[in-house]
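*Asks:* Sequence:
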Amino acid sequence: MEERLKEMGERIRELRRVAEELKDIGGDIEAVRRNVERILASVRILELNICDVEDLERDV
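Residue numbers (this note's numbering): 20 to 79.
What the hints contain is simulated information worked out from the structure, not anything from laboratory work.
There's no promise every hint is true.
[To be verified] Cβ pair distances, simulated, as ranges: (1) 32 - 56: 11 to 21 Å; (2) 23 - 53: 10 to 20 Å; (3) 49 - 20: 40 to 50 Å; (4) 52 - 20: 35 to 45 Å.
Think of the CB as a built atom: it goes at the ideal place given N, C-alpha and C, for glycine as much as any other residue.
All chains should be built: construct the whole structure from the sequences, respecting the hints.
*Replies:* Dropping the structure here:
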């Protein structure tokens, strides 16, 4: 299970990185900015659910 959590954590961090890049590329396009903010909110929930568990598993 620890390996799966690690892989999911890596993918979630990659999602954040790609979303931030898209936000930068989108510049002043309002629709892109709003949608990326929604994506980042979902990524944050994933970080709370998976990355925090990944950290707990590592500490055990």
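*Asks:* Now look at each hint and say whether the structure bears it out.
*Replies:* The hints, checked one at a time:
{"no.": "1", "hint": "32 - 56: 11 to 21 Å", "result": "holds, 18 Å"}
{"no.": "2", "hint": "23 - 53: 10 to 20 Å", "result": "violated, 32 Å"}
{"no.": "3", "hint": "49 - 20: 40 to 50 Å", "result": "holds, 42 Å"}
{"no.": "4", "hint": "52 - 20: 35 to 45 Å", "result": "holds, 37 Å"}
Checked against the numbered hints above, the structure violates only hint 2.
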